[in-house]
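Join these two chains into a complex; the hints should help.
Here the protein sequences come in this chain order: A and B.
According to my numbering, the first sequence is numbered sequentially starting from 1.
According to my numbering, the second sequence is numbered sequentially starting from 1.
Source of the hints: derived by calculation from the structure; they are not laboratory data.
All residues carry an ideal CB built from backbone N, CA and C; glycine is no exception.
Among the clues, some could well be false.
[Unchecked claim] Calculated lysine-lysine pairs in the DSSO-like style (CA-CA distance at most 27 Å, straight line):
no.: 1; chain 1: A; residue 1: Lys163; chain 2: B; residue 2: Lys71
no.: 2; chain 1: A; residue 1: Lys216; chain 2: A; residue 2: Lys243
no.: 3; chain 1: B; residue 1: Lys71; chain 2: A; residue 2: Lys126
no.: 4; chain 1: A; residue 1: Lys169; chain 2: B; residue 2: Lys71
no.: 5; chain 1: A; residue 1: Lys83; chain 2: A; residue 2: Lys216
no.: 6; chain 1: A; residue 1: Lys126; chain 2: B; residue 2: Lys43
no.: 7; chain 1: A; residue 1: Lys246; chain 2: A; residue 2: Lys83
no.: 8; chain 1: A; residue 1: Lys156; chain 2: B; residue 2: Lys14
no.: 9; chain 1: A; residue 1: Lys115; chain 2: B; residue 2: Lys71
no.: 10; chain 1: A; residue 1: Lys169; chain 2: A; residue 2: Lys216
[To be verified] Example chain B residues on the side facing chain A (calculated, C-beta under 7 Å, incomplete):
no.: 11; residue: Phe21
no.: 12; residue: Leu106
no.: 13; residue: Ala124
no.: 14; residue: Phe128
no.: 15; residue: Ala152
no.: 16; residue: Asn182
[Stated by the list, open to error] Now the stretches of chain A that chain B is said to cover, found in silico as 3 or more residues with beta-carbon under 8 Å:
no.: 17; segment: 118 to 130
no.: 18; segment: 143 to 152
no.: 19; segment: 265 to 273
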Amino acid sequence: MFVFFRDLDRRWIFLAMFLAIAIPLLIGIRFPEEPSQMVRNVYQEIDQLEEGADILLAFDFDPASQGELQPMAAAFTRHCALKKHKLYFMTLWPTGVPMIEQNIRILTTEFPEYKYGTDYVNLGYKPGMEVVIQSIVSEGNLQELFTTDNAGTSLKSHPMTEKLGDILKMNLIVNVSAGTPGAKEWVQYAATPFNLNMVAGTTGVGAPALYPYIPKQLRGILGAIKAAAEYEQAMIEKFPDLKENKDAQEGLRRMGPQLVAHLLIIGLIVVGNIIFFVDRRRGTTS
Amino acid sequence: MIVSYFVPPAQSWKDDFAIWFEILAAFAFVLGAGNLLKMHLQKVSSRQAGWGFSVITIVAFLVTLVVGLGKVGVNPNAAFPEYAWSGNKMEPGSSWFWYIFEYVYLPLAATMFALLAFFIASAAFRAFRAKNIEAILLLGTAFIVLIGRTYAGIILTDWLPEPLRFDRLTEFIMDVFNSAGNRAIMIGISLGIVSLSLKILMGVDRSYLGSEE
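One chain only, chain B, in its complex shape (with noise of 0.2 Å):
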């Protein structure tokens, strides 16, 4: 890819290459496949911790694996109906790797997720103490952006002028404070990565290698 970047000749590289890695992204999706089995039925065999959890895991990754594959319930596509597989996998109120999709994956996924409000809530409790300066600042910009974020904002400060109320703080500390940290941190890695790939390409960092120097 550097040389392809590089070498106006080898621009065409990075294409060849790009197909290569999409192949190969195919081939690692075996792989995955694979490992995940190997890891859950060496769990069960060996009686682990959790191993139940493990039955499950493999159950359902090869329920959905032969019914996706499978594709058992599609109807056949429109335009080729002498074809039995020539259906969308994904077809609503047929396909039944669409019903797993729709009730059994997405409410467990959404509900993982969802998880994170009660946590987060219980953490804000017990964790986000005005301990310092630091600790404080944090507190009222997180006060600001929490309120400003929904329609209390404009309520509670509707009275104040417009750029102190809360929506418009909330919008000026994104704009301004937060850009300009997320822009320093950003600038900061890229140079830390170049000087770091200067070093390993001259041979100065060998670590890598396992070397102290």
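Here chain A stands alone, though its shape is the one from the complex (with noise of 0.2 Å):
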């Protein structure tokens, strides 16, 4: 057993990571989520708003990452949503788009009385990164930069576009990256010179780098899945309507799968340990 674990062949840890994957994922294991205090501050920002609220969701993200942050960009929708607040869609990745329209599809299908022009408008995308940001929160520099929205249809034809001129009229930026430009040049070039309110979701690596801007740079920050979950939730606890909506808890559902794995990665560190202390003792490590 010993010689086979020392020599173990590396397809033998995909494959159980791949099991690890995908039977909790078939069978559809699920377990409770208690939102942290760290998510309930980002909820309570968009939660507290007016409704009727100006939004910026500012999607910085591709498909690449979609797996880890789709679900809190679809919370964040739907809350936004459920508030009744205004949302203006942008990003500065050309395959962000696509993660855009992801999730006007929610509003489309999940709140057909919100209308195009009247309560959400899809800016697009604008190359520049962050010069970008800088362009937009300069007054009156939005209608110059964005002078059609992603379809090409002037923005002065739209209700709620018609006299917007820059960002610093937005009453919160809600920011979901997967890396740069991403939370960081929000902060850096939106959120913090001029004093807006901002949230941001990353995946797990990026997590860490934003955690020393909370919490007055940044009023919070969703972490990965495990956070998407938290808020989805804090959501259900709030919105009773939506335990009945499978869509709406896509982290909850992503939760099983990690929680195997992760023990599985416990495990194989357990176990390479073990082999490399055995080994030491009887002096055969190089």
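Here it is in structure tokens:
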């Protein structure tokens, strides 16, 4: 047995990881979640705004990270719609436009009363990375940079963007990002210099770098699927009808595989270290 | 940008610069695409190792470009039905570009990212060793955070006082140790940038010109 594990072919590990993810997904293992204080802080930022507040939803992520970030982007979109806020979608990533459209589909299917141009608008993608952020915080510049929405329709023809000059009128910036440009750039070039309220959602590896900005420059962050699941739980507590909506529980669903995968990794580390110490005692470690 | 930041009459330059940057960024896409084609065509023409992948790259690039620019399969915008190209290139269910994105790019990108889980598992087994005190500390922290980021953290440590529960300890590690460490790194980098910038501006450091000083 010892020799088997010491010389273990990594394909066995790949198989174990595949099963650790696939079985809980297929069986549909679910665990209860308890929203942490950080998640409650983020939730509160959207929830406390009065109906009809202007919210900029900057979705700076791509298909590669959508497995981790789409549940929280969907939760933010759904929460804003439930609170009847006005939504302005935009992205600094060329591959971010379909990510926005996925979330707009939530509005069109679950909130048919939400009207494009009156309740939400898709500003689409702008090249230029952080320079775009620096530009749109300047007075009147938003309409200079974004003359049309993503479909090419003039922003002046939409009631909600007719007189939109800059993003300083936004009550909240919600950023979901998987890298650069992303939450860090929004904090540095918009939220901090202009005292704008901002919350962010990010990948597990990206979250540690954003903690230093909390709580003054950034009200809170959602880090990875765990936080998305907690956010969904917080929404279900406030809006019990969401219990019937399976799409609104994507984060909760993905926590089952995550638990098993984490336990597998811990098991592998333990076994690896046992082999290491036994080998060292025998004097065979290279 | 520096001048517009410090000199009030020049503040509008920042906006002009941003608009020019926007225009240049658009041209950069054309240059990037041209460079991609050049590199891969060179590989194919000289039959370098892996030239077959270059063929796939060129074909995929050209097909996506033609389908996207030509808005193949896109229905005209309802507001401008007389203009064939007025529709949204990402129109679900009809646009070919949408099909390529939804059924080719999206699964491929997600698969590449998902492969990380397999390599992390393999690396955890082979490389994460408690060789010294630092490694043991890292290992201990990883255990707490890995368990604390799932419901296992609550099940396994529910009997402990709340501050010692793994889910709470995870929050504590992230809020205190992680924030402090990251702030230290950020402040260190910022001071380093300021110091190096001053040295370059004052001519003390000329290494960027190739000098050894």
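Hint-by-hint comparison with the structure:
For a cut-off of 27 Å, the pair hint linking Lys163/A to Lys71/B is broken: about 31 Å separates their Cα positions. For the suggested pair Lys216/A and Lys243/A, the alpha carbons sit about 34 Å apart, so the restraint of at most 27 Å is broken. In summary, the hint linking Lys71/B to Lys126/A is supported, as the alpha carbons are separated by about 19 Å, within the 27 Å threshold. Using a Cα cut-off of 27 Å, the hinted pair Lys169/A and Lys71/B is violated, with the two alpha carbons roughly 35 Å apart.
Proximity of Lys83/A to Lys216/A is assessed by CA-CA distance (about 24 Å); at most 27 Å being required, the pair is judged to hold. For the suggested pair Lys126/A and Lys43/B, the alpha carbons sit about 32 Å apart, so the restraint of at most 27 Å is broken. Pair hint Lys246/A plus Lys83/A holds up; C-alpha atoms about 20 Å apart against a cutoff of 27 Å. Our distance criterion of 27 Å between C-alpha atoms is met by Lys156/A and Lys14/B, whose separation comes to about 25 Å.
About 26 Å separates the Cα atoms of Lys115/A and Lys71/B, which keeps this hinted pair within 27 Å; it holds. This hinted pair checks out: Lys169/A and Lys216/A have alpha carbons roughly 19 Å apart, not beyond 27 Å. Of the supplied interface hints, the one on Phe21/B holds, with its beta-carbon coming within about 5 Å of a beta-carbon of chain A, less than 7 Å. Hint status for Leu106/B relative to chain A: holds, with the closest Cβ pair at about 4 Å, below 7 Å.
Here the hint on Ala124/B is kept, as its CB sits about 5 Å from the closest CB of chain A, short of 7 Å. Checking Phe128/B against chain A: minimum C-beta separation of about 5 Å stays under 7 Å; hint holds. Interface restraint check: Ala152/B against chain A, minimum CB-CB distance 6 Å, threshold 7 Å, status holds. A least Cβ separation of about 5 Å between Asn182/B and chain A falls short of the 7 Å threshold, and the interface hint therefore holds.
Coverage of a stretch by a chain is defined here by at least three residues with a beta carbon nearer than 8 Å to that chain's beta carbons; for the segment 118 to 130 of chain A and chain B the count is 4, and the condition holds. A count of 5 residues in the segment 143 to 152 of chain A with a Cβ less than 8 Å from any Cβ of chain B is obtained; the coverage claim is therefore met, three being the minimum. Evaluation of the coverage hint for the segment 265 to 273 of chain A: fulfilled, as 7 residues show C-beta separations to chain B shorter than 8 Å, against a requirement of three.
Violated hints, listed in ascending order, are 1, 2, 4, 6; each of the other numbered hints is respected by the structure.
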